[in-house]
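So you can see what is in the structure, the chains are spelled out below.
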Amino acid sequence: MADAPFFPFFPFFPMSREAGCPFDPPPYLRESAASRPVSRVRIWNDSTPWIITGHAEQRALLSDPRVSVNDRLPGFPHWHAGMEQVSTRRAPSVFNTDPPEHTRFRRMMTAPFTYRRVNAMRAVVQEITDDLIDKMLAGPAPADLVEAIALPLPTRMIAAIMGVPYEDHGTFSDQASIGMHKDVSVEAQMESFRWQHDYLASLVKARMAEPRDDVVSDLAQRVTDGEITVEEAAAMGVGLFVAGHETSANMIALATVALLEHPAQLAILQESDDPAVAATAVEELLRYLGIVHMAQRRIATQDIEIGGQTIKAGEGILIELASANRDPRVFPDPDVLDLGRDASAHHAFGFGLHQCVGQQLARVELQVVYGTLFRRIPTLSLATTIDTVEFKHDGIAYGVYHLPVTW
Amino acid sequence: MRVAVDQDRCVSAGQCVAAAPDIFDQRDEDGVVVLVNATPDAAEEDGVRQAAAVCPALAIQVHG
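Protein chains in written order, with the numbering used here: chain D, 1 to 407; chain S, 1 to 64.
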């Protein structure tokens with residue numbers, strides 16, 4: 001049966017969003033969350049991994065020790081051929097190991113991102129946000145909100161925390177974005193991977209010689225102490241930088257489009273200076289926008305019964321987070337953006353032991369930006385029509401490439 | 001209400017501190033959960049239940 005094309009029929013993943021619905025997951029996935037929470041799709045290499053769209057089913061699998069992130073196991077459902085190549089070269093890190101190895105790596109990365117430490121940086125986030133808004137307002141309108149605010153804020157924060165020199169932000173950011181395209185060539189993927197790895201490895205070595213008060217220096221100290229290798233330290237550093245700026249940037253710009261399209265919801269943020277209102281709004285926007293839309297990749301190491309199906313050992317599993325955020329069993333009227341709802345059960349940061357390390361930093365950044373931008377610029381509007389905005393349909397994280405705004 | 005935490009399971013996401021800052025804290029060196037008060041007042045029970053619900057590692061147990 002495996003040789004018969006089109007039978008059995010499994011839809012191809014990733015799927016296209018519906019025209020005119022840039023904030024909604026593709027129709028097939030939206031209806032899957034409740035009606036077929038565990039099903040199969042076909043991916044780029046013609047394999048047919050499971051796709052998990054239901055909220056409860058995602059929680060169960062992301063908490064299941066029989067589900068692995070070891071991307072060297074045969075049958076692992078890679079994003080694309082480039083990632084499959086890179087997987088054989090990547091040093092072990094939080095991204096490709098299971099416990100107990102994972103626990104050891106994770107605990108080397110978590111200290112700078114505790115709730116209290118990150119909230120102590122709120123004043124700095126506010127200062128950078130105000131500064132970026134000042135600069136945008138002082139310049140010509142229309143301006144590109146991505147370049148003016150969405151990208152520089154998280155980039156400056158993660159670079160400062162890590163200790164990546166200011167003059168290198170731009171290059172690193174460009175290199176990182178190459179690997180975030182789903183259709184990137186194997187060669188381009190490998191080249192950008194090597195550049196990022198080599199950059200971080202030389203920064204680690206520099207900090208081993210001359211430590212500073214930053215995260216790369218902490219990693220460098222662990223290399224000096226023999227806990228990890230330079231390659232492992234570099235892998236962690238690349239992961240932190242990539243995850244630390246592009247995702248928040250997408251959330252800032254995409255939320256701006258969504259709010260401008262939902263003026264009644266935008267008014268909630270404009271009319272309140274209560275941090276609790278902004279905090280609740282952030283969770284709802286994280287749920288509604290579901291920017292991590294390319295599915296988290298896993299593989300079963302034993303047979304697993306779930307949702308009336310049997311996932312066999314060695315079969316790939318795609319955890320499509322954005323569709324669980326629209327699961328009507330958990331979120332009533334899931335396609336409605338409602339900044340007042342309790343959306344805290346969302347999977348925007350994933351779930352289980354690989355849940356986003358930097359989520360508290362992301363929250364502070366988004367709370368400050370959403371709570372400031374629309375109050376300081378009440379006349380903010382799109383300088384184009386929404387149908388001409390270029391959405392990152394091809395990005396591993398969803399967002400917009402540019403956002404022309406005026407005021 | 002009685003609360004218990006499992007430090008071995010904890011993944012340092014920090015969501016418990018956000019939900020119930022008087023009950024939970026995180027270790028400085030790695031962000032692993034520290035239980036500050038195992039018998040929260042009635043006023044704190046909602047926050048503790050929220051913390052248990054959002055903990056990605058299922059590392060918080062609530063009794064009563």
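In short, the hints are calculated from the structure, not lab data. Please note that the accuracy of each hint is not assured.
Far from chain D, some chain S residues (derived; all Cβ distances over 12 Å) [what the hints assert, rightly or not]:
#, residue
1, 15
2, 59
3, 64
Stretches of chain D that chain S covers, calculated by requiring three or more beta carbons in the stretch to come under 8 Å of a beta carbon on chain S [as the list claims (entries may be wrong)]:
#, stretch
4, 28-38
5, 394-402
Restraint-style ranges between C-beta atoms, simulated for each label pair [unchecked claim]:
#, chain 1, residue 1, chain 2, residue 2, range
6, S, 8, D, 142, 46 to 56 Å
7, D, 407, S, 37, 17 to 27 Å
8, D, 385, S, 61, 50 to 60 Å
9, S, 61, D, 329, 38 to 48 Å
10, D, 209, S, 62, 47 to 57 Å
11, D, 224, S, 22, 30 to 40 Å
12, S, 37, D, 47, 31 to 41 Å
Bear in mind that the values here come from a model prediction, so they are computed numbers and not experimental data. Think of the CB as a built atom: it goes at the ideal place given N, C-alpha and C, for glycine as much as any other residue.
Evaluation of the provided hints:
no.	hint	in the structure
1	15	8 Å, violated
2	59	10 Å, violated
3	64	23 Å, holds
4	28-38	violated (count 0)
5	394-402	violated (count 0)
6	8(S) with 142(D): 46 to 56 Å	53 Å, holds
7	407(D) with 37(S): 17 to 27 Å	48 Å, violated
8	385(D) with 61(S): 50 to 60 Å	52 Å, holds
9	61(S) with 329(D): 38 to 48 Å	24 Å, violated
10	209(D) with 62(S): 47 to 57 Å	49 Å, holds
11	224(D) with 22(S): 30 to 40 Å	38 Å, holds
12	37(S) with 47(D): 31 to 41 Å	50 Å, violated
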